[in-house]
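Chemist: What follows is each chain in one-letter form.
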Amino acid sequence: MAGRTLYDKLWDDHVVHADADGTTLLYIDRHLVHEVTSPQAFEGLRLAGRRPWRTDSLLAVPDHNVPTTDRAGGIADAIARVQVEALDTNCAAYGITEFAMCDPRQGIVHVIGPEQGFTLPGMTIVCGDSHTSTHGAVGALALGIGTSDVEHVLATQSLVLKKSRNLLVQVEGTLGHGVTAKDLALAVIGEIGTAGATGHTIEFAGEAVRALSVEGRMTLCNMAIEAGARSGLVAVDERTIEYLRDRPLAPKGALWDRAVRAWPALHSDPDAVFDRVVHLDAGVLRPQVSWGTSPEMVVAVDGRVPDPQAEEDPVRREGMRRALRYMGLEPGTPITEIRPDKVFIGSCTNSRIEDLRAAAALVRGRRLAPGVRRALVVPGSGLVKRQAEAEGLDRVFRDAGFEWREPGCSMCLGMNPDRLEPGERCASTSNRNFEGRQGPGGRTHLVGPAMAAAAAIHGHFVDVREFD
Amino acid sequence: MEKFETFTGPVAALDRANVDTDAIIPKQFLKSIRRTGFGPYLFDEWRYLDHGEPGMDCAARPRNPDFILNLPRYRGAQILLARDNFGCGSSREHAVWALSDYGFRVVIAPSFADIFFNNCFKNGVPPITLPGAVVDRLFREVGAREGYRLTVDLRAQVLVTPEGEAIAFEIDPFRRHCLLEGLDEIGLSLRRAEEIRAYESRRRDETPWLFPERCGG
Ligand code: SF4
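Chains as they are written, first to last, in the working numbering: chain U, 752 to 1219; chain D, 226 to 442.
Just chain U, same shape as in the assembly (with noise of 0.2 Å):
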């Protein structure tokens, strides 16, 4: 027989039943709920008189709608509180653990997951959440899912799935310095596209992504779904069991050696066959920023704004025009005279510890622009909030005039109040910048936490090699 991938391992681990013609019912061993996604969920099931299938699996947390700013107040906006209270209500109706919104360990769904070691290797985890994809660092098989479908797995504990393909991203070499993880997760969307891996599951492998912290890998894994992956993997190592190590919900004592003990098997075989292999090479790669409204409209920071008239689809150059429009930039324009008037240093892709540290490390003594209006840092949860202030970050980003908030969703997609204004630019550390997905009318370069700092600085895009 021949070698099985890890996503291969993980399908096969799962499967409950499987039909002659390949639709499968998955067992689902984690379910991740969050306020936005759930209501219409928890309502059918209760309309079709039924409960969920084990109350276990389930972890909730409101971060989509929740105020960054003091929380003692409750929250101001009406129809968000309604919607967070149905969660409360939800949870303490079934016996669900939620971390409430005043809870210290609340924080982005998919940041406390891994955080709380409640993704454990080898598991398949779902969210009603795209980026769930974020999982698939520590090995798990995470997939975002709509609500229908987190409907059935409260009622069934499984999905209805049909296997997608195995897609290798081998990233050989090594990240430069100041290149992160977040630049290789752009560069390759932008290689692939954003549809470039619809219908696969990526595993990201090769020397740069084993060198990668499991924070980093979080980063990749969660970019996975910007690719048109809704999974993304990394096999277990050294490093993914130390970093669960302890975690207050992973498995303790003899329970622990056990899973270690089994939890290095989860990689793919060396003569595992992938549908598709793509190679990119780390050693060249620089800090990457996006000048358009997709994922993969990216470059290199001494790179320039692209011209729509070297591109010969047609239905491509139309929507480089467009992009070009909608952000206010004209083709050929430097990078590094693009001019932020807002930036943002959070959500699910970069708001961990190492995110918060390395965009601190190029703030400390230094202050924000004159022309950069408003810069916000939204830690991840709770506990990294608690983190960084023992280090004294969130005292190097206030002196330099940055705004530190409370843990959430904030800017990333501004269903709270934290949003950009029409016209507004801004650095932003998160992974859409989809026309009005910061605000309406809101124009977001995507970067890494560093790159995100630097400009907040310097009041334009700077390459981080240059300055730190």
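None of these hints come from the bench; they were simulated from the model.
Check the hints yourself; a few may be wrong.
Stated by the list, open to error - Computed, partial: chain D to chain U, Cβ under 7 Å: (1) MET226; (2) GLU227; (3) LYS228; (4) PHE232; (5) LEU239; (6) ASN243; (7) PRO251; (8) ILE258; (9) GLU270; (10) ARG272; (11) TYR273; (12) SER315; (13) SER316; (14) LYS347; (15) VAL350; (16) ARG422.
To be verified - Quick look at which bits of chain D chain U covers, simulated, 3 or more residues with Cβ under 8 Å: (17) 308 to 314; (18) 394 to 407.
The structure displayed is predicted, hence computed values, not measured ones.
Ideal Cβ placement from N, Cα and C applies to all residues, glycine included.
Using the hints provided, position chain D with the ligand relative to the given structure of chain U.
Modeler: Using the frame of chain U, we list chain D with the ligand on its own:
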């Protein structure tokens, strides 16, 4: 879910690739805890000239005269013809709820993003994938003739043009079956409850660390 067998309706052509779910239904409308009422806000930022908020009376809002759904020729459209990678981005099922609430019964494109594609089936809105060249041709035909209508025959797996030409399409047999019969997928899966329990008890023995008493607390 309502049954879907065959449907004939007017087509609107949205000539953009990579239309994301943020564009289909912007985030401010996701605060609703209901499944209905999203239609007036479908493509809100493209469709209206002002900024939309939940609960607004859309009849009074200034419309963007250039956006396709505001063109008189596409009034009452029920089939949406789109480009590659339609529905990319966020998993929000609200995107399908908005399309459906607006009146779209079918979406046709050369390719769809995975989660959106899946969400469509769950709501009785078949996403139909056709080769790029065929979609190109449909764009030309829709553009050339006002009131262009297509028939979608799910049982026969064909689209029928106004000239009576049949264009075959592929669709997953299980999904097609669910649509034709209007099946409740959860009910179907629960018929396998015994198998799920058997799997569960086997896994409890093999990987007990995945089955904590309670995960949090
Ligand atoms: S931080 Fe942004 S991308 Fe991540 S879960 Fe929240 S809204 Fe989604």
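Chemist: Against each hint, give a clear statement of whether it holds in the structure.
Modeler: Quick rundown of the hints versus the structure:
no.	hint	verdict
1	MET226	violated, 9 Å
2	GLU227	violated, 14 Å
3	LYS228	violated, 17 Å
4	PHE232	violated, 21 Å
5	LEU239	violated, 12 Å
6	ASN243	holds, 5 Å
7	PRO251	holds, 6 Å
8	ILE258	holds, 4 Å
9	GLU270	holds, 5 Å
10	ARG272	violated, 12 Å
11	TYR273	violated, 10 Å
12	SER315	holds, 5 Å
13	SER316	holds, 4 Å
14	LYS347	holds, 4 Å
15	VAL350	violated, 12 Å
16	ARG422	violated, 9 Å
17	308 to 314	holds (count 5)
18	394 to 407	holds (count 3)
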